[in-house]
Amino acid sequence: MTATALQHRLAETREAGRAALIGYLPAGFPDVESSIRVVEAMVEGGCDVIEVGLPYSDPMMDGPTIQRAADRALAAGTTTDDVFRVVEATAATGAAAVVMSYWNPIERYGAERFANALAKAGGAGVITPDLIPEEAEEWVAASTASGLDRVFLVAPSSTDRRLALTTRTCSGFVYAASLMGVTGTRTQVADTAAELVRRTREATRGSGLPVCVGLGISTGAQAAEVAAYADGVIVGAGFCQRILDAPDLETGLVAVRSFAQELAEGVRSGRT
Amino acid sequence: MSHDQPLPDPHGHYGRFGGRFAPEALIAALDEVTAEWEKAKQDPEYQAELAALLKDYTGRPSALSEARNFSEHCGGARVLLKREDLNHTGSHKINNVLGQALLTKRMGKTRVIAETGAGQHGVATATACALLGLECVIYMGEEDTRRQALNVARMRMLGAEVVPVTIGSRTLKDAINEAFRDWVANVDRTHYLFGTVAGPHPFPKLVRDLHFVVGQEAREQVLERVGRLPDAVAACVGGGSNAMAVFAAFIPDEDVALYGFEAGGEGARTTRTAASITAGSTGVFHGARTFVLQDEYGQTLPSHSISAGLDYPAVGPEHAYLADTGRATYEPITDAEAMEAFRLLCRTEGIIPAIESAHALAGARKLGERLGPDAVILVNLSGRGDKDVDTAAAYFGLVDPEGQA
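If you read the sequences in order, they're chains A and B.
Per the UniProt record's numbering, the first sequence starts with residue 1, numbered consecutively.
Per the UniProt record's numbering, the second sequence starts with residue 1, numbered consecutively.
Simulated from the structure, these hints should not be mistaken for laboratory data.
Heads up, the beta-carbon is just placed ideally off N, CA and C, and yes, glycines get one too.
There may be inaccurate statements among the hints.
Residues from chain B that keep clear of chain A, each with C-beta distances beyond 12 Å, as calculated [as the list claims (entries may be wrong)]:
| # | residue |
| --- | --- |
| 1 | Leu158 |
| 2 | Val162 |
| 3 | Asp386 |
Not everything, but these chain A residues come out facing chain B in the computed CB check (under 7 Å) [unchecked claim]:
| # | residue |
| --- | --- |
| 4 | Asp58 |
| 5 | Gln67 |
| 6 | Ala75 |
| 7 | Glu107 |
| 8 | Pro129 |
| 9 | Asp130 |
| 10 | Glu135 |
| 11 | Val154 |
| 12 | Ser157 |
| 13 | Met180 |
| 14 | Thr185 |
| 15 | Leu209 |
| 16 | Ala228 |
| 17 | Tyr229 |
| 18 | Gln261 |
Work out the full structure: start from the sequences and follow the hints.
In structure tokens:
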């Protein structure tokens, strides 16, 4: 199997001796066309990988900021097909594009049909925050057939047995949830993050599967701190917040670009 | 006492339904609850403590009342009411709550969270936490806190913190989302005391097991009263806890027909409905594969029922399985049919039922017409209607616009 755009990009950043910057935005937030412009600003500011969120009515793992962003996207009429449009536009920027989605919208679309459509749009993989390997048989088959990476989550509460099981089922990278909680900004990086990355690396010894850290990272300094030990730094709520706070899209784009620059400097200073 | 049914499988599957569609961060906690419940079930000390609470605190066994006058409106069939409305706190919910609150203490946890729609499960949870000295936080949609202000006051009186949920549709499903968010952040010392037979494994099984006593008692009571098993068992279905409660003991009795009556709202073919088995499709919601009211992209559709306790866009996975295999039959009851049955039971039997339970009564009327006067129908009267007096008074125009009698 040939490497995906995601695997390529993470190999490049590893080669460059730094962590990758991974930015998240729900497709269709604040509307479909505008979300494409926000993604472009994120990439211009230095994001290596974009997680295109599929907005869902019941986002159990998300805090208030991303809930509000997803609500806005749904209110604007965003559908699964729009998500593929945003993925296509994301891939055109040169960044690697992956989708982040709760499981039901994928199951409803049809796992195989979803995987085919995403691959056709230039997407590299899917992150599934409420799908565990035990329930993923159909998704493993569909993602394999379409050549997509599948990213599962590990958490500070994961047992060693589960770390082994989950990382074995992952490709592209494994998403390490830095803390026990939902998405959103925090004043400091949880002290559980470094330990989880260490345990996850132990479980993946030999495979070299990249370990990227998300949840609660929202400043350049925090990005630098995590970049010291992780292969990628994932930021979501901070981007959404800047669009929510902006009086108009243009102002929001400026804020998003400069936030991405701050984070990009962070991931480059983490190991010096 | 045997709780065991052949299902679910070790991963919580009922055929193609159920399972665990939950964030990895919660898997350890779900495993802990699963293991602790298996241990508790075998532990005579736990069983004795629970049995004593059910007897001396809840008032079990609950009575079986023959509804002779109401039967005349059911094609003459004999209608027997399992009186869960007579339990402490006014519904079947207390059975599950006491069992899980004791389990919380066994796990060494000190804080309990729960969701509530109409407030029945919230009040029962607040009650058990007061009794057992547990910290208690109840999540309730802001819309529901407004509609059920009295139950909010009851929960606060019992020492619980009530958190209005202001995101999404601001009803039960959003309260469940918010409770899961709390749980993942505080799981070290917190148990999520789930209120129905839905959610990720082991909740559908755990809640069913703790309510098994309802059908077990009713089966013995009917045998003693009538000398044979009933022809049909009827219950209302939202998430489906009171229906599983009365169904479970009868599942092996193949000659006993099981009927679940869903909240049809303004009609199961309209968009104002909560009938997820009749009008929904297979999906994954709140941690399990089941029937869900959803659009073509898998976004959850808003549900409607005059009864807040049935106003939920999905159903427990075992009900999805029983519907799929044909072991149980599910039919919708409209708001209007439920309210007519509500009025009838008040007038003919002197019992004010919960509007939820009135759906089962309306279903029994249809069953009686079909089965005829020789039939025996067991109805789970899952709760009392004190909480619904405002809704019913407004519906029947029993108060003037200023609220004066």
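Against the structure, the hints:
Taking the minimum C-beta to C-beta distance to chain A, about 27 Å, the non-interface status of B/Leu158 holds against the 12 Å cut. Against the 12 Å criterion, B/Val162 stays outside the reach of chain A, whose nearest CB is about 19 Å from its own CB. At the 12 Å boundary, the C-beta of B/Asp386 stays outside the reach of chain A, the nearest C-beta of that chain being 31 Å off. A cut of 7 Å between beta carbons decides the hint on A/Asp58: the least distance to chain B is about 6 Å, and the hint holds.
Among the interface hints, the one on A/Gln67 holds; its C-beta lies about 5 Å from the nearest C-beta in chain B, closer than the 7 Å criterion. For A/Ala75, the suggested interface contact is broken, since its CB lies about 11 Å from the closest CB of chain B, more than 7 Å. Residue-level restraint check for A/Glu107 holds (minimum Cβ-Cβ distance to chain B is 6 Å; threshold 7 Å). Taken as an interface hint, A/Pro129 checks out: its beta carbon lies about 6 Å from the nearest beta carbon of chain B, inside 7 Å.
Nearest Cβ of chain B to the Cβ of A/Asp130: about 5 Å, under the 7 Å cut. The hint holds. A least Cβ separation of about 5 Å between A/Glu135 and chain B falls short of the 7 Å threshold, and the interface hint therefore holds. Hint status for A/Val154 relative to chain B: holds, with the closest Cβ pair at about 6 Å, below 7 Å. Using the Cβ-Cβ criterion of 7 Å, the hint placing A/Ser157 at the interface with chain B is satisfied: the shortest such distance is roughly 4 Å.
A least Cβ separation of about 6 Å between A/Met180 and chain B falls short of the 7 Å threshold, and the interface hint therefore holds. Of the supplied interface hints, the one on A/Thr185 is violated, with its beta-carbon coming no nearer than about 14 Å to a beta-carbon of chain B, more than 7 Å. Interface hint at A/Leu209: violated, since its Cβ lies 16 Å from the closest Cβ of chain B, which is beyond the 7 Å cut-off. A cut of 7 Å between beta carbons decides the hint on A/Ala228: the least distance to chain B is about 23 Å, and the hint is violated.
A distance limit of 7 Å between C-beta atoms decides the matter here; for A/Tyr229 the minimum to chain B is near 20 Å, and the interface restraint is violated. A distance limit of 7 Å between C-beta atoms decides the matter here; for A/Gln261 the minimum to chain B is near 31 Å, and the interface restraint is violated.
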